[in-house]
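Chains as they are written, first to last, in our numbering: chain Z, 1 to 114; chain S, 1 to 114.
No wet-lab data here; the hints were simulated from the structure.
Check each hint, because a few of them may be wrong.
With a straight-line Cα cutoff of 30 Å, these simulated DSSO-like cross-link-like pairs (lysine-lysine) come out [unchecked claim]:
hint, chain 1, residue 1, chain 2, residue 2
1, S, K49, Z, K71
2, S, K69, S, K111
3, Z, K57, S, K49
4, Z, K9, S, K111
5, Z, K9, S, K49
6, S, K101, Z, K71
7, S, K101, Z, K9
8, S, K101, Z, K57
9, S, K49, S, K69
10, Z, K70, S, K101
11, Z, K9, Z, K70
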Amino acid sequence: NAGVTQTPKFRVLKTGQSMTLLCAQDMNHEYMYWYRQDPGMGLRLIHYSVGEGTTAKGEVPDGYNVSRLKKQNFLLGLESAAPSQTSVYFCASSYELPGINEQFFGPGTRLTVL
Amino acid sequence: AQSVTQLDSQVPVFEEAPVELRCNYSSSVSVYLFWYVQYPNQGLQLLLKYLSGSTLVESINGFEAEFNKSQTSFHLRKPSVHISDTAEYFCAVIANSGTYKYIFGTGTRLKVLA
Chain Z
1 NAGVTQTPKF
11 RVLKTGQSMT
21 LLCAQDMNHE
31 YMYWYRQDPG
41 MGLRLIHYSV
51 GEGTTAKGEV
61 PDGYNVSRLK
71 KQNFLLGLES
81 AAPSQTSVYF
91 CASSYELPGI
101 NEQFFGPGTR
111 LTVL
Chain S
1 AQSVTQLDSQ
11 VPVFEEAPVE
21 LRCNYSSSVS
31 VYLFWYVQYP
41 NQGLQLLLKY
51 LSGSTLVESI
61 NGFEAEFNKS
71 QTSFHLRKPS
81 VHISDTAEYF
91 CAVIANSGTY
101 KYIFGTGTRL
111 KVLA
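Just chain S, same shape as in the assembly:
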């Protein structure tokens, strides 16, 4: 079985400052890893994903995440945030074979302050 931990429920940060949202997972098998973003009153949207290959993955709007197998982490970073990045961010994992079930973290609410 897999599990996902997002230790920070809320992260306030000033505009143009860097941010890191933490995600740790546990699994006895290889997994795929995802970050989803949820803007207020909307559904979730895929931000980026790690399937294999390069451990650093990037999104089109400046976010990046690095898969660290030894630390079982997949932290999300952005060097300079904008007000429009205010949203809730969910980390998710799925075993890379034999299941259709995603496991989601409890979410981190990013609040960008002017």
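Just chain Z, same shape as in the assembly:
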């Protein structure tokens, strides 16, 4: 049982390049989330999904797109990377009833945009 995994672990992009971050969970969780973590700002929700085929905007969605084609995977895309998107990205998942059921976090992806 691997829990929540994220690929890649590190990435350096040039401004304007695109990339996709992959999150996978093997716990059959319904809900999945993408956060970004920046110094002094805690975690901010980018997008989330309440089930296969669904996505919704979080607190800071601009510049990102997501897809949840399979229940176990949640993809985060950057179409045209900007230096402001330099951050550590965390994926999380949970069973139904968020709050009552804890979120499980992946190890993170450290992204640098030059």
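Assemble the complex: chain Z is given as a structure, and chain S must be docked to it using the hints.
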């Protein structure tokens, strides 16, 4: 809407000394409250949570937190810290109905000194 305030960005403390990490929240509705811990270069892990019932909740590694509704606080305490407790600690809240969105504080970096 909910918000979370962690006033202390860093807390240095000597080994075997007690520590308190402060968390205050604001919300117009009832909430669930959480403390997560993040060890260096890792994702977040749930430390403890308050859903209902006893206002004092404990973790398996000696931390405890007390929900104080009148002061809208959920401070984290440990009577005697170890070097291995060095980590960043995040307080989080979620409304207890109608949302999937957690609100995280900005984090408190606990540094345990030998």
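Hint check:
At most 30 Å may separate the alpha-carbon atoms for a hinted pair to count; K49(S) and K71(Z) meet this at roughly 27 Å. A threshold of 30 Å between alpha carbons decides the hint, and for K69(S) with K111(S) the separation of about 29 Å falls inside it, so the pair holds. Taking the CA atoms of K57(Z) and K49(S), the gap is near 26 Å; set against the 30 Å cutoff, the hint holds. Only pairs whose Cα atoms come within 30 Å are accepted, and K9(Z) paired with K111(S) is accepted, the gap being roughly 25 Å.
About 29 Å separates the Cα atoms of K9(Z) and K49(S), which keeps this hinted pair within 30 Å; it holds. A C-alpha spacing of about 19 Å is found between K101(S) and K71(Z), which places the hinted pair at or below 30 Å, so the restraint holds. Pair hint K101(S) plus K9(Z) holds up; C-alpha atoms about 25 Å apart against a cutoff of 30 Å. Distance check on the hinted pair: K101(S) and K57(Z) sit about 10 Å apart at the alpha-carbon level, within 30 Å; holds.
Restraint check: the Cα-Cα separation between K49(S) and K69(S) comes to about 15 Å, which is no more than 30 Å; the hinted pair holds. As the CA atoms of K70(Z) and K101(S) are separated by approximately 21 Å, the hinted pair is consistent with the 30 Å bound. Note on K9(Z) and K70(Z): the hinted pairing holds, with a Cα-Cα distance of about 21 Å set against a maximum of 30 Å.
Hint compliance for this structure: no hint is broken.
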